[in-house]
Amino acid sequence: ETGVTQTPRHLVMGMTNKKSLKCEQHLGHNAMYWYKQSAKKPLELMFVYSLEERVENNSVPSRFSPECPNSSHLFLHLHTLQPEDSALYLCASSQEGGQSFNYGYTFGSGTRLTVV
Amino acid sequence: RKEVEQDPGPFNVPEGATVAFNCTYSNSASQSFFWYRQDCRKEPKLLMSVYSSGNEDGRFTAQLNRASQYISLLIRDSKLSDSATYLCVVNRDDKIIFGKGTRLHILP
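Chains as they are written, first to last, in the working numbering: chain W, 1 to 116; chain X, 1001 to 1108.
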């Protein structure tokens, strides 16, 4: 069990469904991230929240909508996805500021999403 | 040219052997460097940071060559449990860039 918990672990959804991915971190970190990992591609950063404010949105389609209600929770709301959105979605957290990234990220176990 | 490049492998190495792989980065302003390990269908986990003077953690040694812009990971006395994908990670201006990873298979 890591300090970053993601639910659900697996999700199958139709293209017309609406679902949400949840991430919770118990590490006292002040930054949280959504990454997408597709087969044979490097990790792709989707969204960054620092101190609960979105600081980066890497040209992600609007069918992905993040929400960060507090520093411990992060959601990714999904609607009208496409089959090519099937991937592993990873949440991560870190402590921002100064050289703090020298401690690296802590990742959750991910949600394996299949869009049918 | 990709900002962080790794040989995807796979590296097939007999148990007990020493294996090394490199990661090159293109931006000389890159500030900090890491190796992550990712097991099949699992999340990446921090293996070790890479310091300018080189650093060692048990059987693992990481080195940074700023002049040639690469980092390396050396694994001695490899174990079956070392089989995984090793991701190179570079931090530049608080932007984190992951390599595609190098797959390592340790053979019994």
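The hints are simulated quantities; they were obtained by calculation from the structure and are not laboratory data. Be a bit skeptical, because a hint or two may be false.
[Unchecked claim] Derived lysine-lysine pairs resembling PhoX-like cross-links, with alpha carbons at most 25 Å apart:
| hint | chain 1 | residue 1 | chain 2 | residue 2 |
| --- | --- | --- | --- | --- |
| 1 | X | Lys1045 | W | Lys41 |
| 2 | X | Lys1079 | X | Lys1045 |
| 3 | W | Lys19 | X | Lys1042 |
| 4 | W | Lys36 | X | Lys1042 |
| 5 | X | Lys1095 | W | Lys40 |
| 6 | X | Lys1002 | X | Lys1045 |
| 7 | W | Lys19 | W | Lys36 |
[As the list claims (entries may be wrong)] If you want a taste of the chain X side facing chain W, the calculated C-beta under 7 Å gives, among others:
| hint | residue |
| --- | --- |
| 8 | Pro1044 |
| 9 | Asp1057 |
| 10 | Phe1098 |
| 11 | Lys1100 |
The C-beta atom is built at its ideal place from N, Cα and C for all residues, glycine as well.
The hints, checked one at a time:
no., hint, verdict
1, Lys1045/X with Lys41/W, "17 Å, holds"
2, Lys1079/X with Lys1045/X, "18 Å, holds"
3, Lys19/W with Lys1042/X, "22 Å, holds"
4, Lys36/W with Lys1042/X, "13 Å, holds"
5, Lys1095/X with Lys40/W, "21 Å, holds"
6, Lys1002/X with Lys1045/X, "23 Å, holds"
7, Lys19/W with Lys36/W, "16 Å, holds"
8, Pro1044, "5 Å, holds"
9, Asp1057, "13 Å, violated"
10, Phe1098, "4 Å, holds"
11, Lys1100, "5 Å, holds"
Of the numbered hints stated above, the single one contradicted by the structure is hint 9.
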